[in-house]
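Undergrad: Same order as they appear, the protein sequences are chains R and F.
Our numbering applies: residue 107 is where the first sequence begins, and numbers increase by one.
Our numbering applies: residue 49 is where the second sequence begins, and numbers increase by one.
The reader is advised that the hints may include incorrect statements.
As the list claims (entries may be wrong) - In the DMTMM-like style, the derived pairs of lysine to aspartate or glutamate whose C-alpha atoms are separated by at most 25 Å in a straight line are:
id : chain 1 : residue 1 : chain 2 : residue 2
1  : F       : K206      : R       : E371
2  : F       : K144      : F       : D225
3  : R       : K340      : F       : D222
4  : F       : K206      : R       : D374
5  : R       : K269      : R       : D334
6  : R       : K577      : F       : D94
7  : R       : K341      : R       : D165
8  : R       : K251      : F       : E101
9  : R       : K409      : R       : D456
10 : R       : K251      : F       : D81
11 : R       : K446      : R       : D188
12 : R       : K273      : F       : D94
13 : F       : K206      : R       : D379
14 : R       : K251      : F       : D106
It is worth saying that the hints were derived from the structure and are not from the lab.
Just so we're clear, the structure is a prediction, and the values are computed from it rather than from any experiment.
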Amino acid sequence: MRHRENKRGISGIFISAATVILVGLLWATPFGGAAASSDTLVVGLVAEPVTFDPPQVTDLNTARAVRRVYEGLTGFIPGTYDIEPALAESWEISDDGTVYTFKLRQGVTFHDGSPFDAEAVKYSMERQINADHPAHASGKYPFAKNYLGNVAAIDAVDSHTVKFTLKEPFAPFLQYLTHLSIRIVSPKALQDWGADIATHPAGTGPYKLAEWQPGVKAVFEANEDYWDGAPSVKKLIFVPIVEAQARLSAITTGEIDLTYDVPAESLDALRGDANVAVLEGLSAHVWYFVLNTRLENPPFNKKLVRQAMNYAVDKEAIVKNILQGTGVAAYTPLSPVYGKTHNKEVRRYDYDPAKAKALLAEAGHPDGFECKFLVPVSGSGMQSPVDMGTYIQANLAAVGIRCEIQTMEWGAYLAEYRNSPQMAAMSWNSTVGDPDYVLYRLFHSGAFPPAWNAGWYQNEKVDAMLGDARKKADPDLRLQLYRDAQKLIVEDAPWIFVDHGSQIVVHNKRVKDFVLSPNFDFKFKKVTLE
Amino acid sequence: MWQYLFKRLLHTIPVLFGVSVLVFGMLHLAPGDPAQILLGPEATADSIAQVREDLGLDKPLVVQYATWMSKMARGDFGRSIVLGREVFPEIWARFKATAILTVTSLIIAVMLGVSAGIVSAVRQYSLFDSIAMLVALAGVSMPLFFTGIVAILAFAMKLRWLPSAGMYSPAGGDLWDLLRHLVLPALTLGTVSAAILARMTRSAMLEIIRQDYVRTARAKGLNERSVIYIHALRNASITIVTVLGMQIGYLLGGSVITEAVFSWPGIGQMMVRAIQARDYPMVQGGVFFVAAMFVFINLLVDVLYAYLDPRIRYR
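Could you put together the complete structure from these sequences and hints?
TA: If you want it as structure tokens, here you go:
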């Protein structure tokens with residue numbers, strides 16, 4: 107009787123079949139070997155890296171991984187936007203600002219063993235801009251126009267001297283050279299791998315990619331031959347942990363050593379945790395509502411109305427209540443990380459609904475008006491867009507501006523954003539740390555849609571200043587131009603200025619000397635482990 | 049039997065064709081441009097146009113569909129727009145992880161659900177029955193992400209028994225490491241199916257144990273075990289297998305959420321990212337592959353019916 111029961115029991119059949127399948131799958135799945143050790147640091151990323159080919163990197167999390175492997179001619183002093191030599195030891199700029207001559211570092215080798223020299227710089231960069239280049243077909247180059255569009259010629263003067271001739275003088279060029287998309291890739295690796303360079307990177311950075319299991323982890327090993335000395339942390343492991351709660355759990359239990367974007371409400375508990383440190387710092391980020399200033403878009407075409415909207419929004423409350431302190435209120439497009447360039451002496455839109463009403467009345471809208479604005483449900487750098495949008499909707503309604511919110515998924519949102527909406531939320535983050543990258547791209551009339559001056563803002567004086575500032579080599583002169591331009595822009599109020607998000611990194615206390623970068627990068631060269 | 053199988057196999061062709069048209073149509077008609085999303089906010093109009101051309105997105109939809117289908121017919125799933133890598137190996141690697149998760153969840157669901165259902169039916173209105181059905185009701189009602197996050201809070205963060213994310217420890221691991229990582233997501237995902245199975249098994253069994261032939265079996269003097277496990281369960285199993293077949297579909301769908309909560313490197317998580325990026329080849333290939341798997345599993349369920357109920361055979 108027993109025997110028949112087992113044979114016929116349907117759940118028994120199912121379980122045994124399923125077990126067979128499971129055992130088969132487990133059998134077919136590879137297992138890793140090494141165990142965690144004292145010189146290994148584990149980073150929990152919000153999303154996994156998608157490629158290891160610098161020009162194809164379009165998202166921040168991938169950049170955080172790929173920047174470990176590749177270097178540019180120039181770099182940033184950790185924690186700042188100040189330029190320091192990287193693969194170039196020194197440089198000279200011609201008086202007219204169009205010729206940049208770089209002396210390259212001697213004795214540097216790529217991770218694949220091939221030597222780094224002037225020809226490698228030329229090869230790696232021309233790959234992106236010259237369609238006849240042998241390695242051109244190995245990728246897509248979305249940023250080539252942004253960063254190399256102004257380059258007329260790249261010449262290898264001798265084995266370790268390279269000369270860039272620009273079409274027009276361009277003051278932020280040294281900053282632009284830090285950008286990941288134009289960091290130097292080994293010509294030999296490009297010849298060997300073609301399009302598969304994306305999975306077989308070879309740069310000169312302090313870490314080389316040792317293993318990459320998509321969806322599971324990316325493992326980096328210290329480059330023992332690094333020109334600036336081998337890093338102290340010998341192994342870096344980046345694992346994707348999508349859910350904020352899971353990142354929080356992993357950092358508190360010590361599964362990972364460093365992470366970010368943990369739930370804001372957990373920060374107080376983390377600050378009291380003896381095992382972890384919470385680092386907070388400003389970033390170059392800005393979150394805003396772009397207002398369509400074109401004539402055919404009343405009443406947004408009236409400066410008084412736009413100013414009223416700025417007075418109506420309680421950004422300090424948004425930072426405190428919605429962002430729970432993970433940002434600072436924005437009064438200009440440039441965040442305080444820009445130091446002196448960030449101009450505090452602009453018209454200050456402090457929360458003042460009475461003043462907003464008065465301005466609306468002065469503009470001929472004593473009873474306010476109706477409008478519609480767009481907000482994405484989530485998106486790169488967008489913080490808590492729907493909550494923030496809803497708060498702003500209530501703020502505007504309090505002074506009589508009755509707005510309807512339309513929320514959209516990020517992909518659809520980006521497409522809609524380019525169709526000149528009346529009012530829409532957006533955020534901006536400058537990876538290259540030059541004010542030109544913010545002000546020229548967002549407020550110059552040369553950047554009308556489909557470029558990123560989405561509100562069609564135009565002020566001839568601002569245009570002249572921003573155009574002038576990108577050509578002037580004198581830093582003091584540039585500083586003054588950007589300070590003055592900010593003053594005019596804020597006065598014109600083409601945006602509702604909302605906040606600058608701060609960056610918050612949580613790490614285990616055994617991690618020492620980790621420094622936040624204004625452009626959200628994670629540098630490990632100087633980090634040590636206890 | 050073979051003829052039956054062959055006929056059923058032929059039926060899958062129009063289904064898969066329909067799936068391909070639907071997924072292609074929905075994806076391409078949805079707003080959002082992969083080039084725009086790929087290049088992000090910093091992109092210029094020129095570079096977007098260039099990437100669209102490189103990807104063949106500037107061609108008419110019919111041409112794009114025909115190109116895709118003719119490649120698929122040759123087993124070429126194409127290259128991912130975002131990753132730049134071949135689609136099929138990516139799908140296959142991720143599918144294995146998903147399969148480990150769903151099969152484990154299924155085992156948990158059957159073990160918990162079917163046994164709880166049987167006991168509940170046999171001891172109707174007992175304390176066990178009331179508690180089991182209450183738990184099952186809660187299990188059916190609770191959303192996966194909630195159960196998942198509560199499980200992380202309780203077992204990973206507070207008790208520190210189990211890891212909260214991933215399939216292996218960062219430094220790599222063995223089978224034991226995998227099993228430890230598997231417990232929370234598999235339980236989270238399996239609970240809902242277990243709850244549904246328990247309720248369905250209970251009602252199917254209740255209906256059957258009241259039938260005349262069951263009474264006859266008892267009257268013959270068979271012991272209760274044989275009556276329940278052989279006479280009643282076999283007939284109830286038609287319902288159970290039907291529910292189970294549907295649960296496999298549910299588990300594959302539910303794995304999307306479970307994988308996101310537990311960072312399980314499965315196909316669900318990959319598809320969510322691909323959809324957000326409008327990575328057409330990846331989404332199309334992935335949906336097509338999952339649909340094909342689902343059709344195949346349904347075929348298996350139908351064959352199982354034929355085994356369980358001779359009346360269905362050879363029709």
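Undergrad: Check each numbered hint from earlier against the structure, then list the numbers of those it violates in ascending order.
TA: none
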